[in-house]
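Let chain A serve as the given structure and place chain B on it in line with the hints.
This is what each chain is made of:
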Amino acid sequence: MDILPILEKLVFPVLENGLVWGLVGLGVFLTFRIINVPDLTVDGTLTLGAAVAARLLTSAAGVPPVLATLAGAGAGMLGGLMTGLLHTRGKIQPLLAGILTMTFLYSVNLRVMGRANIALMNIQTLVPQNPYARLVMFLVTAIVIKLLIDLFLQTDLGLALRATGDNDRVVRTLGVSSDTMKVLGLVLSNGLVGLGGALLAQYSGFADAQMGIGTVVIGLASVILGDMIFGSRTIARATFAVLMGSILYRGIIFLALRSGFNASDLKMVTALLVILALSTTRLRELVRV
Amino acid sequence: MEAMLEIIGLQKTFFAGTPNETKALKGINLTLAPGEFVTVVGSNGAGKSTLLNAIAGVFPPDEGVIRLGGEDITRQSEVVRARRIGRVLQDPMVGTAPSLTVAENLALALARGQRRGLRWAVTSQKVRLFREELARLGLGLENRLNDKVGLLSGGQRQALSLLMATITRPEVLLLDEHTAALDPRTAQLIGDLTAMWVREHRLTTLMVTHNLEQAIRLGDRLIMMHEGKILFEVKGREKQELTIDGLRKAFTRVRREDFAYDRAVLAD
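One line per chain: the protein sequences are A and B, in this order. Under the working numbering, the first residue of the first sequence is numbered 344, with each subsequent residue one higher. Under the working numbering, the first residue of the second sequence is numbered 974, with each subsequent residue one higher.
Keep in mind that the hints were calculated from the coordinates and are not lab data. Hints may be right or wrong, so weigh each one.
Stated by the list, open to error - Restraint-style ranges between C-beta atoms, simulated for each label pair:
(1) Gln-553/A x Ser-1050/B: 42 to 48 angstroms
(2) Arg-580/A x Thr-1216/B: 37 to 43 angstroms
(3) Lys-1099/B x Arg-580/A: 20 to 26 angstroms
(4) Leu-1091/B x Phe-604/A: 41 to 47 angstroms
Nothing here was measured: the structure is a model prediction, and the numbers come from that model. Backbone N, C-alpha and C fix where the C-beta goes; we use that ideal spot for every residue, glycine too.
Next up, chain A with everything else stripped away, as it sits in the complex:
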């Protein structure tokens, strides 16, 4: 029996999905872990990124795939900007601000697409057909983004961003607006999620108004699973852990499907996974005391 077809069929999808969703995980990591703002906008911006990319790719103008993908990321950034301004200028709780943007974006996404979904079959996209080329492309994208985040968080601006999540008072006493930093964090995070959405649409061959549901929980699952197994002592370690956590999560989902769960059960499985991971972290803390 040839091992390669099995690899391509079983392992590649797990890795590919893991890497694409790893970008979403990195976005969620930026909000939940770095600026310490629980952001639910991502459910809307993932779809927004996918919708914008799909619409541009299928438009008569024939937008190049690279530009369409970047436009998806840019649209995601705008979504993050909206949540950021609602939170900092509008003084709305971050959770609610995210839900408001997400709800707002649901209609925007339908407008962008002009219908509930857009198929991307037989259209030139950024995602190669060849499974090996595809895996390499996702791997390179994920690693480049991870390294850019690592580098950025070591700059003066990145440090101010991290300090904001850590202790926003100290940031203000040093002459930095913690509000600006939070907006910046939300913009970058949702930009990554928009990018993830744009790539996901091209990978799965469609954009759908419903595809963003549960994004934040999937992102959190990657962040928490990665943290549990690989730790987060340094930034480079933490971002690596997010990508690995995302791949691991896809592996678990794959196994769950194999062991008889329906595709419709997956949101439940994901939520249970996050609950389990969170409560064991809590249990470990209790045991340590």
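Only chain B this time, still in chain A's reference frame:
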């Protein structure tokens, strides 16, 4: 010489128009010359911290003017003022970012007043500077540059906060009971470090303290606040000869006069 910090007729009332209305500052006038070190004492609710917070821009005053280096900063936001004003607060936990390393915290502080861009934050050149400055604290922190600040003790964190507040030599340094949450030995150490730093860099400093001995020992001038007003101030030779007992007596004497005045007014 021109004043570094000038406060004219500063007033602040909290919860105005409610049963909880508190007149926290009732017309404060205070001028600090460049390099002057002033300590502030007074009982709870005297308005000491409110005064410092007003200078830092935590809230806008109801009346009055605050000038920094001759410039009116009364309407500037806290963040804008923080580019020129260093602050250390009572709680050692609020002056530092715990999950950042010692070096990263100092890099964060060293960029005070500058545009924060995409330049590498912790360069080897800065590390050399941090190591030198930390070594002078005498706490061994120069060997812990890459440790997360959350691992440090309260005293170490407060020493670091002090260094972070002063490393860019701000125009004014505000210390709000910054030794009050520490054990006596550490409080003494941080107090001495403060005096050394302030002298060496000729920082214009306003220090609130509960510790009368500290207030007398440190600084060029001592002011006592009570119920939102400055009761009296002591400087020069008079301050050098001041004792804790003398300070207490002066306080009760002024309050008695106040009381007598109130009675006279009420008798009218």
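Here's how the hints hold up against the structure:
1. For Gln-553/A paired with Ser-1050/B, a C-beta distance near 43 angstroms keeps the hint of 42 to 48 angstroms intact.
2. Remark: the range hint 37 to 43 angstroms for Arg-580/A to Thr-1216/B is contradicted by a beta-carbon distance near 57 angstroms.
3. For Lys-1099/B paired with Arg-580/A, a C-beta distance near 23 angstroms keeps the hint of 20 to 26 angstroms intact.
4. A C-beta distance of roughly 45 angstroms is found between Leu-1091/B and Phe-604/A, which places it inside the suggested range of 41 to 47 angstroms.
Consistency note: the structure conflicts with earlier hint 2 alone.
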